[in-house]
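Student: These are the residues of each chain, in order.
There are 2 protein chains.
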Amino acid sequence: MYIVILAGGSGTRFWPLSRVARPKQLISITGDKTMLQRTVERVLPLKPKRIIIITNTLQAMETEHQVAGYQGAHIDVIAEPVGRNTAPAIGLAATIIAAHDPNGVMVVLPADHFIRDEVALRETLVFASHGARNGYLVTLGIVPTRPETGYGYIEAEIELRGEGPYPVRRFIEKPPVEDAVRYLEDGNFFWNSGMFLWRADTILAEIGCHLPALANSLGSIAFNDDVWSFSDLNSQIEAVYGNLENISIDYAVMERSSKVLLVPVEMGWSDVGSWSALPEVVAPDIAGMICINAAEHVSIDSSDCLIYTDNKVVATVGVHGLVIVSTPDALLVCDRERAQDVKKVVEELAKRGSSCL
Amino acid sequence: MYIVILAGGSGTRFWPLSRVARPKQLISITGDKTMLQRTVERVLPLKPKRIIIITNTLQAMETEHQVAGYQGAHIDVIAEPVGRNTAPAIGLAATIIAAHDPNGVMVVLPADHFIRDEVALRETLVFASHGARNGYLVTLGIVPTRPETGYGYIEAEIELRGEGPYPVRRFIEKPPVEDAVRYLEDGNFFWNSGMFLWRADTILAEIGCHLPALANSLGSIAFNDDVWSFSDLNSQIEAVYGNLENISIDYAVMERSSKVLLVPVEMGWSDVGSWSALPEVVAPDIAGMICINAAEHVSIDSSDCLIYTDNKVVATVGVHGLVIVSTPDALLVCDRERAQDVKKVVEELAKRGSSCL
Chain C
21 MYIVILAGGS GTRFWPLSRV ARPKQLISIT GDKTMLQRTV ERVLPLKPKR IIIITNTLQA
81 METEHQVAGY QGAHIDVIAE PVGRNTAPAI GLAATIIAAH DPNGVMVVLP ADHFIRDEVA
141 LRETLVFASH GARNGYLVTL GIVPTRPETG YGYIEAEIEL RGEGPYPVRR FIEKPPVEDA
201 VRYLEDGNFF WNSGMFLWRA DTILAEIGCH LPALANSLGS IAFNDDVWSF SDLNSQIEAV
261 YGNLENISID YAVMERSSKV LLVPVEMGWS DVGSWSALPE VVAPDIAGMI CINAAEHVSI
321 DSSDCLIYTD NKVVATVGVH GLVIVSTPDA LLVCDRERAQ DVKKVVEELA KRGSSCL
Chain X
21 MYIVILAGGS GTRFWPLSRV ARPKQLISIT GDKTMLQRTV ERVLPLKPKR IIIITNTLQA
81 METEHQVAGY QGAHIDVIAE PVGRNTAPAI GLAATIIAAH DPNGVMVVLP ADHFIRDEVA
141 LRETLVFASH GARNGYLVTL GIVPTRPETG YGYIEAEIEL RGEGPYPVRR FIEKPPVEDA
201 VRYLEDGNFF WNSGMFLWRA DTILAEIGCH LPALANSLGS IAFNDDVWSF SDLNSQIEAV
261 YGNLENISID YAVMERSSKV LLVPVEMGWS DVGSWSALPE VVAPDIAGMI CINAAEHVSI
321 DSSDCLIYTD NKVVATVGVH GLVIVSTPDA LLVCDRERAQ DVKKVVEELA KRGSSCL
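Note that the protein sequences, when read in sequence, are chains C and X.
Numbering follows the numbering used here, in which position 120 of the first sequence is assigned residue number 140; successive positions increment by one, without gaps.
Numbering follows the numbering used here, in which position 96 of the second sequence is assigned residue number 116; successive positions increment by one, without gaps.
Pulled out of the complex, with its shape left as it was, chain C reads as follows (with noise of 0.2 Å):
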């Protein structure tokens, strides 16, 4: 088995936690290990043969730097020169293992994902490599615990066939909560994780049906004998990233491929999308409260805040429902459910020319 963990992505819903060069999968929402680190370690005990971490050049070497303790793993970093999405990302680590391992499966899994229950998630890429190995494309599906209209869904046809892998009916956006709470009655759709498991030849010639020129880009590149030894891989990836189309491997392929399967899996995940996600990682106190990295934390007559500080002392009097978030050089204050208008501080300070992004 070969991991792929898809570690470029930026955001700024973590602000002021996550910076331009430090987004969120390099980051610790939770106080200890940062997300790459948590998703490297949650697939040591599967004893990958290779884990390849597909990143970007800005976060190359805070990247590298993180994953530098683990002995034993094969652990390479490989930088894109620009993000173009999902499809190249996957195409690119693809062609890397199928010049050594054609038919070797491959787990591409997000970098910056929680999940709780790590033993659930190996078992599942167990299972679920049986049919990658057959020649399917395997999407993991999160059983959903609740109509959530920030996610994208699978439709699968679940009937009569057990556990699973199950043939997918369709793939879609974020919907309507209307939409979202039939989803959790019906029971046959489910979260759009961004998980996958296929041979490495099998989505090399999805792509190659779906995405000629991305295919024809990937074919140009020539590797040595030593497939791992990298030594002139970036000057080639330089040459085509440029060039290729920015498409995710969900639209490109996974929408449009007749051999989908999904395995279901309920793991407590969540994709950890702003803030106000942090009570699906860590346990909130009786009164609602999280206090992440504080030397101390004085609560009077407050409830239901998200708190994460740089080792200070906290004290919170009379409040309710806020995010609080401090760093050395900066503070942010903010409702709970205006979470996902931090992007709108790292917009505005962007337009001031600020460093502090």
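No lab work stands behind these hints: they were computed from the structure.
The C-beta atom is built at its ideal place from N, Cα and C for all residues, glycine as well.
Some hints could be false.
Claimed, not checked - A few chain C positions that, by computed beta-carbon distances, are all more than 12 Å from chain X:
1) R42
2) D96
3) E138
4) P167
5) P195
6) V201
7) N208
8) K279
9) S322
10) T329
11) S346
12) R356
13) D361
What the hints assert, rightly or not - One side only, chain X facing chain C, incomplete, derived with CB under 10 Å:
14) W35
15) V102
16) N105
17) D245
18) V333
19) I344
20) P348
21) A350
22) L352
23) V353
24) L369
25) R372
26) S375
With chain C held as given, fit chain X onto it using these hints.
Tutor: This is chain X only, laid out in the frame that chain C set:
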């Protein structure tokens, strides 16, 4: 004119900016000079013969440090070994002044008040000094601008007496709101400012009358030929202070003496009793926001917040009516209406043995 600044106060309502060893008078509420420095600077144009600052041993070093830069002014810092309220502090200062200049007029000023119109203060002090020179105990009465229930009041006889000074009818503790409304309407009630003028010998005679034990202790202090050298004053203060009664000059003398006169003054005065008094000191923007010492402030749909940072980038999103204070080691987020309860935070931290006091 001699200026006596009472700077030994402690207090917890400006935590986390204020600390035990750095109370309100030694911090900068407005982001520039400290309150003590502003108190000194606003009397310098009066060219006082000496400025005596009474503080305590814990704060003495920082106090000395803050007033070290005033070239040409004669400033003495005297540290009380224990706090004994205002009567002993004022008696000690009067004793020192009287040893050199018995008829000298001394002005007593708290170190932690805000005064917007400093010219009005100085003109009022000059006007009030005539009454002091004639043997009266003159107190400044602030013309009230709202039915404030957090201040003490002084009722004066203002009928047919022009600009004052007015005889004082009585001192009134913090009143219920019905009374405060009536005081505002009646026009002969003034806020008790804690600012006094009298001759050194006058106040010592009054102390002799109303506080004979204090007078006796102070009378035992012996001075060198050069009164202002203080070479062995500290050990003498140490010897007498522990046994002194803890009592305010208001209660011990002002409320009992028949020689009290009041001079009214309008000068944009505030005792800045808590973070919620910040708008009395710094003008809010049109959204009611005050943001002091921020590197940058991004406000999205927020209003009526009082923000004080240690040069941080601050963002507020969808929040209203908060006090937000950030220092290098602590963070406070407090409902503006609950600013009085900041002292409860400090009590709780003390109970836990925190060093952040």
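Student: Does V353(X) hold up as a contact with chain C if the rule is Cβ-Cβ below 10 Å?
Tutor: holds (5 Å)
Student: Does V201(C) clear chain X by more than 12 Å, comparing its Cβ with all Cβ atoms of that chain?
Tutor: holds (26 Å)
Student: Was the hint right that V102(X) lines chain C, CB cutoff 10 Å?
Tutor: Result: violated, 28 Å to nearest chain C Cβ.
Student: Should the label of P195(C) as a non-interface residue stand, given a Cβ cut-off of 12 Å to chain X?
Tutor: holds (25 Å)
Student: Interface hint check: W35(X), Cβ to nearest Cβ on chain C, cutoff 10 Å. Holds or violated?
Tutor: holds (8 Å)
Student: Given L352(X) was flagged as interface, is its beta-carbon under 10 Å from a beta-carbon of chain C?
Tutor: Since the shortest Cβ distance to chain C is 5 Å, the answer is holds.
Student: Taking the least C-beta to C-beta distance, is I344(X) closer than 10 Å to chain C?
Tutor: Holds, because the Cβ-Cβ distance from I344(X) to chain C comes to roughly 5 Å (cut-off 10 Å).
Student: Quick check on P348(X) please, does its C-beta sit within 10 Å of some C-beta on chain C?
Tutor: holds (8 Å)
Student: Find the nearest Cβ of chain X to the Cβ of K279(C) and say whether that gap is larger than 12 Å.
Tutor: holds (45 Å)
Student: Should the label of R356(C) as a non-interface residue stand, given a Cβ cut-off of 12 Å to chain X?
Tutor: Per Cβ check, R356(C) is inside 12 Å of chain X; nearest 9 Å; violated.
Student: Does T329(C) clear chain X by more than 12 Å, comparing its Cβ with all Cβ atoms of that chain?
Tutor: violated (6 Å)
Student: Can the hint on N105(X) be confirmed by a CB-to-CB distance to chain C that is less than 10 Å?
Tutor: Constraint on N105(X) not satisfied, violated at 29 Å.
This entry does not satisfy hints 9, 10, 11, 12, 13, 15, 16 and 17, going by the numbered hints stated previously.
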